[in-house]
Amino acid sequence: MKISPSQSWRLKDTLYVLSLGKCKRCGNVFYPYQPLCSVCGSMDIEKIRSKGTGTLIEYTILYQNRDGFEKQVPITAGLIKLDEGIELVAPLTDVEITELKEGVRVEAVLRKVRSDSSNGIIQYGLKFRVINDAGNN
Amino acid sequence: MVSIVASGLIKIDRYYEFSEKDLVIEAYKDLMLKIKDVPSSVDAMIVSSTYSDILSKNLMLAFKLSNKLGVKSPISFRVENGDNGGASILTAYSLVKSGIANSVLLVGVDKFSDYPSKYINDVVSYNLDNEYQYQLGLTPHVYAALLMKRYMKKYKKEYDYFTNWPLKMHENAVENPYAYLKFKVDKKVITDSQLISEPLRLFDIAARADGASVVLITSDDMAKKFTDTPVKIESIFSSNLPIDIANANLNSIKDVSRKAINKISKEAIYEIHDSYSILASLEIESLGLAEEGKALDELENLKVNLGGGLKARGYPGSATAIYQLAELYLQLTGAHPKAMSGPEKGILLSCDDLGNSSYLISLSR
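Same order as they appear, the protein sequences are chains A and B. Just so we're aligned, residue 1 is where the first sequence starts under my numbering, counting upward by one. Just so we're aligned, residue 1 is where the second sequence starts under my numbering, counting upward by one.
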């Protein structure tokens, strides 16, 4: 068993939605959510949900295999700045390479990530696509 | 003070017949042949190994090695810190500096060649954030590629700029008996090599292989028992700060370089963690050895990675830093088969593959 059901479920705040933490003391906004501010140490943290939209800063195309992701190669990945100000590296999906430019708008969409051949578990997760048909997930 | 008094290495290579234990035995045999007095016991054995549990199903490795080598040691444990073996050097140094131990056998060992690369790619990706990036299929190569593209835009560089690094590292490795890839390459080989994550090519990436290195570290009082030419570990600086991909900055390396500013000079010889050509460029610039955006144009003026670096000497996980320490020791004592004449100071910059966590170790003869 490569995919643990309990681990996948535990990661619901990062794999299925982008749950952010907002520190009520210092204002730090961070991802993934956790009940402790890594800047000021406050435990007064509000869990907020990212709008899931942001701007592409940079991208690359990965051609090398990783165990469990063979069918997805090549993988396009981008450095994205969410509208809440957080930068993260994430896979891109449904993209035409010609439309990938610095500054293009992107949004998070739920996609199948991988499946476990031995027990049939399918793991889903958030990837990003260029916004040109927003609202049609 | 804390001194290095002996080292032992095995050539980095693919060893299908050898386990981690076999590799360490070979390195330790090399040490025994060079040392004045073989220690029957040490106060501690520290093992720098990142992947031995996952790739070889091997826990309690330090205890096992301590018994197999016949080096009695009341303290033995493994240090895992991603690919950053500098943490184990700090551990060994601290044990002697604090007086807890008078002698520490520092062992570095990792072994990549037992599995196909797609499995190794998965395992090295454990170094990434495991709440999102690892789960989504990314690898450290993606980060290095993004960093490289940002650097190219920031400093208006073409890919050709990065070819300078593998060219120099392969040239340096030719006469190094411990090097994995002991051959020169030309620019066309590099520019035609496999595209890994554009613009990152095969020759921009450290060459994973198997290796073991051992270094005996003692207090000053004990050093003369083992050698007439000890090398002092003067100080160790450290930093943990995440990289800034968008602005092509290695914050941790810059921070540790600021802390060690008085130790850094062009007269010293350097070992840096060139997991990628882009990391080499940024590390050299962060150390202040070259202007920003120009490091790989100035390699002929720098004494960096004389044995070929991770690119050509090879990259055995977190044994890498122990190789770097051993090679600096051999260089400073003039015992390296490819020794330069005269260097009195050495600097080891050890970090994880993406430069989030760093240690800077200064040595003097």
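Hints were generated in silico from the structure; no laboratory data involved. All figures in this text were calculated on a predicted structure; none of them were measured in a lab. Backbone N, C-alpha and C define an ideal beta-carbon position, used for all residues, glycine too. Any given hint might turn out to be false.
A short, non-exhaustive set of chain A residues, derived as facing chain B with CB atoms under 8 Å [unchecked claim]:
id: 1; residue: Leu15
id: 2; residue: Gly52
id: 3; residue: Gly68
id: 4; residue: Ala90
id: 5; residue: Thr93
Label-pair restraints from in silico Cβ distances [as the list claims (entries may be wrong)]:
id: 6; chain 1: A; residue 1: Glu70; chain 2: B; residue 2: Glu234; range: 29 to 37 Å
id: 7; chain 1: A; residue 1: Glu102; chain 2: B; residue 2: Ser265; range: 47 to 55 Å
id: 8; chain 1: B; residue 1: Asp297; chain 2: A; residue 2: Gly120; range: 25 to 33 Å
id: 9; chain 1: A; residue 1: Lys112; chain 2: B; residue 2: Lys156; range: 35 to 43 Å
id: 10; chain 1: B; residue 1: Lys154; chain 2: A; residue 2: Glu70; range: 28 to 36 Å
id: 11; chain 1: A; residue 1: Pro74; chain 2: B; residue 2: Tyr155; range: 24 to 32 Å
id: 12; chain 1: A; residue 1: Val17; chain 2: B; residue 2: Asp160; range: 38 to 46 Å
id: 13; chain 1: B; residue 1: Lys36; chain 2: A; residue 2: Gly41; range: 50 to 58 Å
id: 14; chain 1: A; residue 1: Val109; chain 2: B; residue 2: Ser265; range: 51 to 59 Å
id: 15; chain 1: A; residue 1: Asn119; chain 2: B; residue 2: Ile100; range: 29 to 37 Å
id: 16; chain 1: A; residue 1: Lys47; chain 2: B; residue 2: Lys153; range: 34 to 42 Å
| Are A/Glu102 and B/Ser265 spaced within 47 to 55 Å by their CB atoms? | Because 39 Å falls outside the window, the suggested range is violated.
| said: Min Cβ distance, A/Ala90 to chain B: is it shorter than 8 Å? | reply: Holds, because the Cβ-Cβ distance from A/Ala90 to chain B comes to roughly 7 Å (cut-off 8 Å).
| query | Hey, does the A/Thr93 contact hint survive, CB to chain B under 8 Å? | reply | violated, 10 Å
| message | Would the hint on A/Gly68 be counted as holding, given a Cβ-Cβ threshold of 8 Å to chain B? | response | Hint on A/Gly68: holds, closest Cβ of chain B at ~7 Å, below 8 Å.
| Hint check for A/Gly120 and B/Asp297 - Cβ pair distance inside 25 to 33 Å | violated, 54 Å
| query | Do the Cβ positions of B/Lys154 and A/Glu70 conform to the proposed distance bound of 28 to 36 Å? | reply | The hinted range 28 to 36 Å holds for B/Lys154 and A/Glu70, with Cβ atoms some 34 Å apart.
| field | Hint check for B/Glu234 and A/Glu70 - Cβ pair distance inside 29 to 37 Å | value | violated, 48 Å
| query | Range hint 51 to 59 Å: satisfied by the CB atoms of A/Val109 and B/Ser265? | reply | holds, 53 Å
| task | Return holds or violated for the Cβ distance of A/Lys47 and B/Lys153 against the range 34 to 42 Å. | result | The hinted range 34 to 42 Å holds for A/Lys47 and B/Lys153, with Cβ atoms some 36 Å apart.
| query | Do the beta carbons of A/Val17 and B/Asp160 sit within 38 to 46 Å of each other? | reply | holds, 44 Å
| said: I want to verify a distance hint. Is the separation of the beta carbons of B/Lys36 and A/Gly41 within 50 to 58 Å? | reply: At roughly 52 Å between Cβ atoms, A/Gly41 and B/Lys36 fall inside 50 to 58 Å, so the hint holds.
| Hint validity - A/Leu15 Cβ closer than 8 Å to any chain B Cβ | holds, 6 Å
Hints 2, 5, 6, 7, 8, 15, counting from the list given before, are not met by this structure.
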